[in-house]
Structure formats: C-alpha cells, structure tokens
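Take the two lone chains, each set in its own frame, and fit them into one complex as the hints suggest.
Below, each chain spelled out in residue letters.
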Amino acid sequence: MRLVRIVLLGLFLLLPALAFGQLLPYAPPESKPVPIFKLAAGVNAVAYDGVVVPSDFEAGLNARASLSPHISLVGSGYYGITEQYWRGAGGVRVTASDANNPDFSIGIGAQYHVSDAPEARPKEWAADVSMGWRPWAARRFVLIALGQYGMTSNQASAHAGGRLELLSF
Amino acid sequence: MNILEMLFGMLGGAKAKIDPAAKALTELIEAGGEARPELKPQADRLLEELRGAVDPAKLADVILALPKEGMDIVMLKLDPRDHPSDLA
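Protein chains in written order, with this note's numbering: chain A, 1 to 169; chain B, 170 to 257.
Just chain B, same shape as in the assembly (with noise of 0.2 Å):
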C-alpha cells in the first residue's frame, strides 16, 4: 500500500463515518425549523448555506491559491479574513 492509497483510505472510512452526523444534523435542523416557526428563517438560511458553501468547481481555485499564500504568509503580507469555522 502507497500513501495515497493509505490517504484515501483514510479520508474514505473519516467520510464513512462523518456522513451519517452530516445527515443527522440536517435533518435535525429541519425538524427544529418545523418546530419553532419563529427560527425557521434561521434554519432556512443554515441549510441554505450549508448546501451551496463549497462550490466543487471553485475548491480548484482555493487549492491554487494556497501556494501563493503561503508565500504571502512567510514574507510577512497577512491579509485576515473573519472565518467563524475557525473558532470551531
């Protein structure tokens, strides 16, 4: 076995067992919408995020952009973004 075979076999039984939860709490965020009509906007909007967040033929420019940040990052030019993820 190769790396990146031990790599995605890693990321296939991680996304195994990930996928279920994901399933769970949308489901869960559903119900709650369902349950307290004065939160349904809010949990319209979660799931609407949640749908639409990462966008399969925009990840390509994130994974090309990072070299260049990178190096950014080395020569000292930060330039924050506010990610509410990163408090996770």
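Extracted from the complex, chain A is given alone in its bound form (with noise of 0.2 Å):
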C-alpha cells in the first residue's frame, strides 16, 4: 500500500507536466532518419515497496542507443534530492510495443545500478517494464513510467516523470 500511495503522490506531476507540454514550442514532424543516440534531462518521483530504501525525487539525464527496430541500449545517471545521493543504470530494453510508433511504445529490459549510496539504492540487477509517451507527437517532451525488480534486494520499485530531449545524432 506504500508503494501504491507514494506512486499516487509522484504521478499527481502528471497533470501540470501536460500542461508543461502544452507550452514547449511546436515543430512540425521531420522526415529525417532516426537519430541512433538521444539524450534527455529528466526528473523522477521514485518510490520502492519496502521502508528500508528510501522514496525521492530526482533529475538527470537519459541517453539511449538504438540499435535495431526493437533492441536499445539505455542509461541513465540522477540525484536524489532529498537523500541526497547519485546513481547511475546501464542496460539494454527490448521494445514490445509497435517499433514503429514513435509517439508511444513499451519495453522490457535489465539494466545494473549503482549509485555512492548503496544502502538507499542498492547496486544490483532489476528487471525493468518502462512506458514511453508523448503527448504532442511533435514536441521533445516524453512522459515516462517505469517499474523496476531489484533482483539482489527483492525491492520492487516505480518510478513517473518527465523527459526533456536535449540532443540527437
């Protein structure tokens, strides 16, 4: 049920990051090639099912591969702002979802953490479900959920928030 309630509590962002977006300026659709690599400013509520690691929030950057129509290498590196701790994910995602819809799509993937914290986010595998989804096809802006199974710790975690894309090649 914490985990429930505190999920609740991060993704009550989800209505102003809409209206966020609303007001990030308009580009019309490209017909360029896909870019292989992107990076993205984020910020995260994070919540975890036990009361041994702490919930937070966070902001950070993203940057992901693709490599194939459905295979991605993904990281990440984030501050918690009230633990006070960085960490940083590495892994590969598979695309379940319809590749090619660029506006929304699901994965499935693994990824190793580490963090300078390891008592608030241990350093371990977790299995990971994430969504990917942009309101305004045209915009830079992604709403992002995730779901993460620490497979050393047993935690299971959600994360919500927002992506920013800052660069593409």
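Just so you know, the hints here were simulated from the structure itself, not pulled from any lab data. Each residue gets a CB set at the ideal place from its N, CA and C atoms; glycine is no exception. Mixed in with the good hints there might be a few duds.
To be verified - Residues on chain A that point at chain B, a partial pick, calculated with CB under 7 Å:
hint: 1; residue: V34
hint: 2; residue: V43
hint: 3; residue: L61
hint: 4; residue: N62
hint: 5; residue: S68
hint: 6; residue: P69
hint: 7; residue: I71
hint: 8; residue: V74
hint: 9; residue: T95
hint: 10; residue: G107
hint: 11; residue: I108
hint: 12; residue: A110
hint: 13; residue: S130
hint: 14; residue: W133
hint: 15; residue: R134
hint: 16; residue: I144
As the list claims (entries may be wrong) - When the alpha-carbon atoms are kept at most 30 Å apart in a straight line, the in silico BS3-like pairs for lysine-lysine are as follows:
hint: 17; chain 1: B; residue 1: K209; chain 2: B; residue 2: K192
hint: 18; chain 1: B; residue 1: K246; chain 2: A; residue 2: K32
hint: 19; chain 1: B; residue 1: K192; chain 2: A; residue 2: K123
hint: 20; chain 1: B; residue 1: K246; chain 2: B; residue 2: K227
hint: 21; chain 1: A; residue 1: K32; chain 2: B; residue 2: K237
hint: 22; chain 1: B; residue 1: K237; chain 2: B; residue 2: K227
hint: 23; chain 1: B; residue 1: K192; chain 2: A; residue 2: K32
hint: 24; chain 1: B; residue 1: K192; chain 2: B; residue 2: K246
Here it is as structure tokens:
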C-alpha cells in the first residue's frame, strides 16, 4: 500500500507535466532519419515498496542508443534530491509494443544499478518494464513510467516523470 | 529449485508488486481526465495506448525477431527506431 500511495503522489505530477508540454514550442514532424543516440534531461518521483529503501525525487540525464527496431542500449544518471545520492544505471531494453510508433512504447529490459549510497540505492541488476508517451507527437517532451524489480534486494520500485530531449545524432 | 523456477518465482513476485501500481496509474489517468475536461482527450488516448500497446499474439514475433536483430547489430547494420520508453 505504501508503494501505491507514493506512486499516486508521484503521478500527481502528470497533470502539471501535461500542461507544461502544451507550453513547449511546436516543431513540425521531421522526415529525417531516426537518430541512433538521444540525450534527455529528466525528473522522477521514485517510490520503493520496502521501508528500508527510501523514496525520493530525482533529477538527471538519460541516454539511449537505438540499435535495431526492438533493441536499445539505455543508461541514466540521477541525483536524489532528498536523500542526496548519485545513482547510475545501464543496460539493454527490448521494445514489446509496436516498434514503429514514435509516440508511445512499452519496453522490457534489465539494467545494472550503481550508486554512491548503496544503502539508499542498492548496487544490483534489476529487471524493468518501461512506458514512454509523447502527449504531443511533434514536441520533445516525453512522459515516462518505469517499474523495476531488484534481483538482489527483491525490492520493487516505481518511477514516474518527464523527459525533455536535448540532443540527438 | 532450478533456474527456471527461480526466474518465474522472481517474475511472479515482481508482477504481484507492480500490478497495484499499474492499477493505480490507470485509475489516476481516468480521474485526471474527469477532473480536467480539457485534458480528457490526452487521458483517453493514453489509456487507449496502454490497453492496446502489447498484443500477446505479436509478442512471439518480437521474440523471434531478436536473434536476427542481434546479428544485424553485431554486423553493424543498425536500424534505429524512436521509442519514447527508451528514455524512461
């Protein structure tokens, strides 16, 4: 129940995020080839189901390399604002939904997590299920939700937040 | 306990823990759409995407495509796509 309660609090960001997306400048759809690399700035609300690992709000960066229609390498680095930790993660993600839909996708993957505060963010492999949605297709703003399950800690976590694409090449 | 039992046990545990959050997310989106009528089209579209995103019948095709895509990557034949979930 604690997880659900905190996830609800985090997802309360959804409506302001949608309103923020409306304010972003409109860019018409591009016919350029899809870039392999993308870098985005992001914010997260993070909730764990256990009482040992604290929930938090985070800010940081995400990067991805799309290598094939379904396979991507992903990585991220985030700072926990309340608990004051740095954490990073890297791994692989397989897109389970329509690979040709640029506005909505669901991915399944695994990432290795490291941090400078293992008691707050364990170092371990975690399986994840992710969702990304562009509310306005031609804008660089993406809403995300991510569920993770730590293979060593056996802790489930939920992340909800927004991303603003900064670079692509 | 063999490796498959262990794997399915972990996945079952993960599912049991993630299911309530998924249900809460769906209810929140529905409530958001009702509370803010101007955002209802977006909320409805997101729910529609969530409900129809993964077709179990096509999931096998995805799994079967992975070895070939893996080989293409090894041979540096890259074919990128734009997946918003990669930024999660």
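Hint check results:
no.	hint	verdict
1	V34	5 Å, holds
2	V43	12 Å, violated
3	L61	10 Å, violated
4	N62	5 Å, holds
5	S68	4 Å, holds
6	P69	5 Å, holds
7	I71	5 Å, holds
8	V74	5 Å, holds
9	T95	5 Å, holds
10	G107	4 Å, holds
11	I108	9 Å, violated
12	A110	12 Å, violated
13	S130	4 Å, holds
14	W133	6 Å, holds
15	R134	5 Å, holds
16	I144	4 Å, holds
17	B/K209 - B/K192	19 Å, holds
18	B/K246 - A/K32	18 Å, holds
19	B/K192 - A/K123	28 Å, holds
20	B/K246 - B/K227	24 Å, holds
21	A/K32 - B/K237	25 Å, holds
22	B/K237 - B/K227	16 Å, holds
23	B/K192 - A/K32	38 Å, violated
24	B/K192 - B/K246	40 Å, violated
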